[in-house]
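Chemist: Note that the protein sequences, when read in sequence, are chains E and Y. If you use my numbering, the first sequence corresponds to residues 124 to 326, in order. If you use my numbering, the second sequence corresponds to residues 41 to 399, in order.
Don't read these hints as lab results, they were simulated from the structure. Take these hints with a grain of salt, some might be off.
Said to hold, decoys possible - In silico DSS-like links for lysine-lysine, alpha-carbon gap of 25 angstroms or less:
{"#": "1", "chain 1": "E", "residue 1": "Lys260", "chain 2": "Y", "residue 2": "Lys272"}
{"#": "2", "chain 1": "Y", "residue 1": "Lys124", "chain 2": "E", "residue 2": "Lys190"}
{"#": "3", "chain 1": "E", "residue 1": "Lys188", "chain 2": "Y", "residue 2": "Lys74"}
{"#": "4", "chain 1": "Y", "residue 1": "Lys74", "chain 2": "E", "residue 2": "Lys308"}
{"#": "5", "chain 1": "Y", "residue 1": "Lys123", "chain 2": "E", "residue 2": "Lys188"}
Unchecked claim - Covered stretches of chain E, going by a simulated chain Y footprint (3 or more residues, C-beta under 8 angstroms):
{"#": "6", "region": "220-232"}
{"#": "7", "region": "269-282"}
{"#": "8", "region": "304-317"}
All residues carry an ideal CB built from backbone N, CA and C; glycine is no exception.
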Amino acid sequence: MSAPKRSAAGEICAQVQLRVDSPWFDGHFPDFPVLPGIAQVSMVVEMVAAALALPLYLKSASRIKFKRLVAPDAVLTVHATAENAQQGQYSYRIREGGEEVSSGTIFLAHNDIDYNMQADKSPTTLRVAAIIINELKLEEVTPDSFDPDLDLVDEVGIDSMDLATIALVIRDEFGIRIDEDDYPKLTTLRIIANYIDEKKNEA
Amino acid sequence: MTTNVQAAANAGSCKFSDILADPIVRARWEKVRKFFFLRESTYDMTKRCNIRCEGCYYFNGEKHLATEERDPAAWRALMVEEKKRGITFVVLAGAEPSLVPELCRVCFETIPLGAIATNGLKLIPHDIDYRIHISVWGNDVASLAVRRAPDMLKRQMELYRDDSRAIFIYTFTPHNIDQAAEVTRILADNNQRISFNMFSAPVGYTGNLRHNPESLRATAQMMTDLLAHYPKTVLYSPYNTTVHTHDQGLHDLFSCPYPRQNSSTDVGLGRTFRQYRTDLSWDRAAACCVPDTDCADCRHYAAGSAVVTARMYRHASHPQSFIAWLDYVDTYLAVWVRHYEKGANLCAAGAPVPTKDAA
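Sequences and hints are given; from them, build the entire structure.
Modeler: This is how it looks when you write it as structure tokens:
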């Protein structure tokens with residue numbers, strides 16, 4: 124991996140030349156070596172950790188999409204952008220040539236600061252969890268046990284109309300303005316809670 | 041409208057919970073909300089048609105050049121895959137689905153909610169229990185001229201007499217506005233129901249069916265009159281009239297969320313909608329409910345059903361807008377979903393179209 128570069132806009136970028144003798148290819152697969160998906164996520168973590176000079180580890184991930192097979196001789200470009208640096212949230216994209224290989228959102232932490240646990244306990248998070256449970260009529264889950272990274276679209280199966288309904292209730296409850304272009308992106312409890320906190324801080 | 045809601049409305053905006061505090065509004069909201077699970081895709085069933093209409097969307101563009109998959113097993117396999125990826129509502133159209141009932145049946149057996157767009161000249165077997173939209177383009181004199189088929193309305197009504205699946209869809213052009221009164225009266229006398237469509241020009245269309253400001257105003261007046269005179273026959277609302285006869289098309293008003301105009305694949309129509317051609321292929325760049333329509337001229341009823349409905353959020357800041365939106369969605373569900381019964385319109389005065397910033 125090349126030394127990570129950070130742009131003025133906060134994007135972190137590095138290039139990776141794969142090697143056929145990398146242990147990632149051992150047994151994956153015996154006659155058809157393909158870079159495992161977890162290796163791609165690992166590259167992103169490694170790149171961000173190097174750029175920030177912090178001992179980061181992967182806490183969780185969401186909306187990860189693997190779109191193409193990656194061969195052992197590939198040259199990849201890895202991009203990561205801080206969506207919420209305080210919460211350790213980064214979106215990433217990996218490309219080979221002009222084609223996207225994978226993308227997603229990761230949540231990073233290190234031993235001194237457990238961002239996720241802080242967010243899980245916030246009043247905002249608990250209230251949003253209660254709203255989601257009520258609006259979607261979710262069963263066997265409480266605000267305390269609600270997975271903050273559960274993807275409401277991919278994993279619960281809701282659509283834009285339900286997201287709009289949740290956004291309207293949140294708008295009422297927290298007295299914030301939510302742009303029409305924003306609510307379709309509010310797909311996890313953590314993202315919603317962060318969005319609310321940012322909006323309240325802006326006010 | 042309750043006092044609190046009215047006061048908030050007078051102030052220019054309103055909390056969503058205030059709007060829903062009205063029990064009538066709340067009941068209608070809960071009624072339509074049950075159908076948020078609908079995820080549609082559309083399918084051209086065959087390249088063939090038994091008539092050839094001027095301005096037909098199917099024979100514009102390249103759709104009709106695709107090969108035709110006639111194997112019911114292939115269609116069943118497609119429907120199984122569609123169901124797996126979350127599609128709950130199918131729209132069977134193009135060119136004339138009634139010519140391939142065996143394929144329509146396969147679709148119904150796999151995904152039981154849907155609608156078929158037909159010219160109504162061949163009966164779709166009753167066991168295919170989809171909503172059936174029968175297209176009407178004026179009285180029978182006009183139909184003979186534009187569609188080259190004699191006695192269309194008479195034949196359509198004979199075939200679909202007492203058939204609760206059927207809804208007649210009257211497409212307004214600048215030249216058949218007055219005839220809508222005659223057609224609606226005939227349908228009312230025969231216990232049929234009607235809803236309205238607007239001719240929306242295909243890309244590159246140079247004929248004289250494209251609407252103009254004058255024809256839009258005249259159509260709005262006719263729709264208003266017919267809705268007032270035939271409230272049990274006409275499935276429409278004042279807000280439908282506002283939206284579909286607006287000087288601006290649906291895309292300009294609401295920013296169309298179909299893939300053809302929406303690159304996002306995160307959620308909603310941009311994520312799930314596909315428009316399949318007769319060879320069972322689909323093209324994201326062309327995917328919308330009526331492909332090859334000129335988006336700037338699109339006032340199509342099928343487009344509105346998705347486009348206006350999807351913009352619930354921007355309607356929910358003002359009670360009048362939201363109630364008008366509820367009327368629109370109630371209408372759309374009654375027109376498209378079997379066994380869904382439309383309620384009385386709640387917003388007789390209609391409402392202005394909210395802008396994106398209204399949210």
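Chemist: For a quick check of understanding: which of the numbered hints are violated here, in increasing order?
Modeler: 1, 3, 6
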